[in-house]
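Asker: Residue numbers (our numbering), protein chains in the order written: chain F, 7 to 363; chain X, 12 to 304.
None of these hints come from the bench; they were simulated from the model.
No residue lacks a Cβ here, since even glycine has one placed at the ideal position from N, Cα and C.
Incorrect hints may have been included.
Unchecked claim - Some residues of chain X that are not near chain F, with every Cβ distance over 10 Å (derived): (1) L20; (2) P72; (3) V122; (4) T130; (5) A184.
To be verified - With the Cβ distance kept under 10 Å, some of the chain F side facing chain X (calculated, not the full set): (6) A45; (7) V140; (8) F313.
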Amino acid sequence: MRFIFKTDYAQDIRLVKHGGNAFWYGVLGVVLLAAPWWASEYVMSQLHFILIYSIVGFGLMILTGFTGQISLGHAAFLGVGAYTEALMQAAGVPFFVSITCAALFSAAAGIIIGLPALRLKGIYLAIATLAFNVIVEEIITRWHGLTGGNEGKHLKPVEIMGWKLDSDGEFYYLCLALTVICCLACINLLRSPTGRAFVAIRDSEISASCMGVNLAKYKTMAFAISAALTGVGGALYAHKIAFISPEQFTLFQSIELITIVILGGIGFLHGAVLGSAFIIVLPQLISIAKGWLPEAMAPVGLQAVVFGLVLILFIIFEPLGLYGRWLKIRTYFELFPFYRKGMFRRQKSYMKSERLR
Amino acid sequence: VLSQILQLLLAGVSQGCVYALVALGFVLIYKATETVNFAQGDLMMLGAFFALTASVIMGWPYWATILFAVAVMALVGMLAERLVLRPVLGQPAFTVIMITIGVGYMVRGVVTMVPGWGTETYQIPTPFVDDVWKLGGVILPVQQLMVIGMTAALCAALYLFFRFSTLGVAMQATSQNQLAAYYMGIPVRRVNMMIWGLSAGTAAFAGILLAPVTFVHSNMGFIGLKAFPAAVVGGFGSVPGAIVGGLIIGVVEALAGFYLPEGFKDVAAYVVVLIVLMVWPSGIFGETGRKKV
Numbered sequence: 007m008r009f010i011f012k013t014d015y016a017q018d019i020r021l022v023k024h025g026g027n028a029f030w031y032g033v034l035g036v037v038l039l040a041a042p043w044w045a046s047e048y049v050m051s052q053l054h055f056i057l058i059y060s061i062v063g064f065g066l067m068i069l070t071g072f073t074g075q076i077s078l079g080h081a082a083f084l085g086v087g088a089y090t091e092a093l094m095q096a097a098g099v100p101f102f103v104s105i106t107c108a109a110l111f112s113a114a115a116g117i118i119i120g121l122p123a124l125r126l127k128g129i130y131l132a133i134a135t136l137a138f139n140v141i142v143e144e145i146i147t148r149w150h151g152l153t154g155g156n157e158g159k160h161l162k163p164v165e166i167m168g169w170k171l172d173s174d175g176e177f178y179y180l181c182l183a184l185t186v187i188c189c190l191a192c193i194n195l196l197r198s199p200t201g202r203a204f205v206a207i208r209d210s211e212i213s214a215s216c217m218g219v220n221l222a223k224y225k226t227m228a229f230a231i232s233a234a235l236t237g238v239g240g241a242l243y244a245h246k247i248a249f250i251s252p253e254q255f256t257l258f259q260s261i262e263l264i265t266i267v268i269l270g271g272i273g274f275l276h277g278a279v280l281g282s283a284f285i286i287v288l289p290q291l292i293s294i295a296k297g298w299l300p301e302a303m304a305p306v307g308l309q310a311v312v313f314g315l316v317l318i319l320f321i322i323f324e325p326l327g328l329y330g331r332w333l334k335i336r337t338y339f340e341l342f343p344f345y346r347k348g349m350f351r352r353q354k355s356y357m358k359s360e361r362l363r
Numbered sequence: 012v013l014s015q016i017l018q019l020l021l022a023g024v025s026q027g028c029v030y031a032l033v034a035l036g037f038v039l040i041y042k043a044t045e046t047v048n049f050a051q052g053d054l055m056m057l058g059a060f061f062a063l064t065a066s067v068i069m070g071w072p073y074w075a076t077i078l079f080a081v082a083v084m085a086l087v088g089m090l091a092e093r094l095v096l097r098p099v100l101g102q103p104a105f106t107v108i109m110i111t112i113g114v115g116y117m118v119r120g121v122v123t124m125v126p127g128w129g130t131e132t133y134q135i136p137t138p139f140v141d142d143v144w145k146l147g148g149v150i151l152p153v154q155q156l157m158v159i160g161m162t163a164a165l166c167a168a169l170y171l172f173f174r175f176s177t178l179g180v181a182m183q184a185t186s187q188n189q190l191a192a193y194y195m196g197i198p199v200r201r202v203n204m205m206i207w208g209l210s211a212g213t214a215a216f217a218g219i220l221l222a223p224v225t226f227v228h229s230n231m232g233f234i235g236l237k238a239f240p241a242a243v244v245g246g247f248g249s250v251p252g253a254i255v256g257g258l259i260i261g262v263v264e265a266l267a268g269f270y271l272p273e274g275f276k277d278v279a280a281y282v283v284v285l286i287v288l289m290v291w292p293s294g295i296f297g298e299t300g301r302k303k304v
């Protein structure tokens with residue numbers, strides 16, 4: 007059992023809490039850096055997706071997990087980022103400029119949807135973001151001159167100052183670097199006054215505003231930051247699949263993105279990474295399982311059923327997600343004989359009415 | 012021109028009735044349990060498939076088909092509440108939204124796996140599919156009139172139910188204040204279960220009315236996404252609001268499909284809902300109250 011005796015405030019906001027932490031993150035870092043040597047081409051491709059989805063997951067986690075705002079429209083931001091990247095690359099803009107622009111344009115879209123969000127709550131916000139997503143998707147489809155409509159857009163591999171990143175390994179390092187940068191930025195944000203304000207808004211808007219948190223400013227900021235991260239993810243996503251079309255940015259994509267956050271564990275940045283790994287691996291597991299099942303038992307609907315079932319079971323039995331499960335296991339070993347079953351039990355709460363505001 | 016507008020209005024209203032019925036399902040559940048049921052559209056689809064089974068495979072008459080589908084769906088709705096929704100009672104709205112999305116996925120998946128249903132498109136025979144009435148130059152398809160009439164009948168039945176039956180009054184009490192309803196001896200959990208049943212039954216009815224228009228297939232539930240704007244436009248907690256909202260969305264869509272360039276028809280509902288939310292943050296008929304600390 008480890009006991010960290012804190013003697014000053016700097017210890018509280020340190021990135022690495024203790025030696026064991028540093029060791030395991032070091033191991034993870036080495037394994038990830040060495041991935042091009044140990045991973046097959048197929049695994050590499052999955053790793054790309056996991057990293058890209060992690061960035062998007064960070065964005066959603068800031069909005070949903072830390073600021074407590076619902077968004078069913080994140081695929082729209084993903085689309086804005088992807089199309090910005092595609093168009094700017096076609097115009098010959100350098101990569102770092104274009105990916106910054108992807109983030110900025112997405113952030114602008116985030117502010118647009120953030121403005122009505124100041125007045126809307128709960129379900130109304132969910133519907134507004136849903137409507138936004140459908141409208142953006144339709145604009146992408148219809149604005150043929152700019153986006154190519156349903157024919158979509160092709161992208162060339164990333165090129166940084168004349169150096170083409172066309173192999174899997176090179177693109178992997180780019181994704182890895184951006185993921186780590188985004189992750190550190192999020193950690194930093196969340197221990198700053200801004201991040202504290204987000205958490206205060208999530209826990210209670212009324213008490214946050216009583217403590218002097220400017221709700222309008224911080225909610226809009228949360229939407230902008232979340233959208234910007236999603237935009238970066240979108241730009242990488244566009245490069246990864248090399249062909250983008252409107253049907254990749256539908257409501258169903260949004261729901262899939264939300265499930266990353268739910269399955270990973272709402273309110274933990276680790277959750278974003280775990281959740282995206284799960285979302286990427288799950289379809290592979292299902293298709294492996296299909297091979298074992300008899301022909302009649304393995305139809306097209308299996309994936310939807312498993313997906314729905316996993317979602318339901320997680321919410322009922324593991325509301326803190328994969329990271330929550332890990333926390334429980336860790337606590338069990340840390341406190342070895344003293345772990346009690348009810349330690350993480352949800353509090354029975356009476357229904358909080360949203361009708362009153 | 013006038014007759015053309017009238018015809019568009021009629022088409023819009025009849026489409027709006029279907030939206031209204033699905034929206035009504037949302038509102039019933041939301042009012043009673045403050046849960047938003049994202050699976051409503053998929054329940055509607057499931058209801059349509061049960062109707063298909065009864066009418067095509069078992070060869071029952073139309074009216075028996077309706078009764079059968081509504082009854083089975085009421086059971087399915089109650090089962091869903093008992094198994095999935097009750098364990099998360101009292102959790103944040105977002106959690107519950109996600110769990111209903113999960114239910115929707117499952118329903119959609121299961122339907123494609125059932126032998127005889129699958130991914131194909133089917134048609135339910137109706138006794139009045141192709142008839143047309145002419146009224147002074149206006150062509151009135153009987154199909155659309157029937158949809159409107161049946162919706163009106165269902166609304167009247169629901170009104171009477173909520174106004175005069177004990178269970179209906181108990182449901183109203185539950186939706187106004189759960190805790191007070193507990194104190195008055197109303198079995199709130201059981202009432203919630205019945206509301207889910209009622210809502211799923213309404214969805215099945217909507218599915219049957221929609222079947223001649225879009226046919227029956229495993230993705231017809233996506234129309235539920237159009238019923239959302241309907242419920243929100245009317246104010247999520249208001250039953251008359253759901254009907255009005257559905258009609259507004261249906262008519263706007265019909266007009267937009269005719270007078271505006273292609274593509275506007277699909278987004279019209281969402282543009283309307285964004286505008287309405289900007290002006291009335293909780294819908295036209297939405298109730299507003301102030302939270303006191």
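Asker: Are the hints correct? Go through all of them and say.
Answerer: Each hint tested on the structure:
no. : hint : result
1   : L20  : holds (24 Å)
2   : P72  : holds (31 Å)
3   : V122 : violated (7 Å)
4   : T130 : violated (6 Å)
5   : A184 : holds (15 Å)
6   : A45  : violated (31 Å)
7   : V140 : holds (5 Å)
8   : F313 : holds (5 Å)
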